[in-house]
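Asks: Build out the structure end to end from the sequences listed, making use of the hints.
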Amino acid sequence: MKYCPNCGFKLASDYKVCPQCGYHLPQKKSATAAVTKEIKSQHLSRVQAHQHQQAPLTSPLLQYLHWLKHNLITASLVVLLVILTYIYVGKIISVVVAIGMIIWGYIFANHQAAPLDAKLKLMFRRVEHEEETKVQRVLNAKTNTKVRDATIPVQPPKYQTVKTTSRRSWIVSFLAIITWSTSYWPGFFADNSLGVAIGWNSPTVPSLSQMIRQAIMYLNFNFHLQINPSLGLWLLALGPVIVLLGSLMPSRFGRKLAVRGAIVSVIVYLGGLAILKMALSWGSRYLQLPTVNLGSSGYVAIFCVILMLILTIIAKYRQR
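Counted the way numbering that gives the first Met the number 0 counts, the sequence shown spans residues 0 to 319.
Hints were generated in silico from the structure; no laboratory data involved.
The reader is advised that the hints may include incorrect statements.
As the list claims (entries may be wrong) - Here are the computed lysine-lysine pairs in the DSSO-like style, where the Cα-Cα straight-line distance is at most 27 Å:
#, residue 1, residue 2
1, 255, 120
2, 315, 118
3, 255, 315
4, 255, 118
5, 118, 68
6, 120, 68
7, 315, 120
8, 1, 15
Unchecked claim - Derived Cβ-Cβ restraints for the label pairs, each shown as a range:
#, residue 1, residue 2, range
9, 255, 283, 37 to 45 Å
10, 79, 180, 31 to 39 Å
11, 107, 290, 31 to 39 Å
12, 290, 226, 21 to 29 Å
13, 219, 283, 18 to 26 Å
14, 90, 185, 29 to 37 Å
15, 116, 275, 38 to 46 Å
16, 82, 284, 42 to 50 Å
Glycine included, each C-beta is placed from N, C-alpha and C at the ideal position.
Replies: See the structure below:
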């Protein structure tokens, strides 16, 4: 029993409104509501504490340094690229590349800040996955055309997902290494007539790298250019290196990268050879110029480039 605090009328314990004066009696909060409120307040305090700990860095420079600290592999690769550019291309180009990489990293760290090291490790990891949405095999595919008894329940067809495994292409990797090494094999051309024309004084037939280096020095001397003679080695290695990296990545991105590297190799080797033949054919109308005939290492390089392109395209469309 309880009494109305307004008029003093005697009330039962379950009354909420006084029948005498209409006063609304105050209600006690339930224990469940109190516990719920306490849980919500504790959760809110934990969320606020976590947000305080994970608050983004206010300074863009600190954000950039923090991103570099957690992406040391990417930073090391960029430093290696700058060093190779300095060795094989030149000082000015290496400075331009270094400044460009710093600016790109600064913008990337402050806008995306994606963990590139984790992505690089994932690219070279052998992953087994199930293509549930693309490939499914139907078991017991033979359909029964006879009339079934209505009392027998129809069993739904069973499906089995096909597991596909991404693999590295070791054959393509081997072809990329062979293609790269043929640049240093002697006898890329059948004779030394082209080398003599550009100032090669050795009686031996030069390799492709020696020929390109001598040709760049010849152009620098006659046309007063300042091209690094090692630039040709950089261009020759570009395609095979891209193919090698792509073939070692057991993923769809790696297969696409290998195809692009093979296309670059075709452009450099076959395109360069075609341009050289066309230039000599046009110049032979006015001057006596040597002809271009491939030697043993030249045929090996062209064969590897063509086969590498075919295999990378097959691997790309076979794994779709």
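Asks: Run the structure past the numbered hints and jot down the numbers of the failing ones, going up.
Replies: Those not satisfied are hints 10 and 11.
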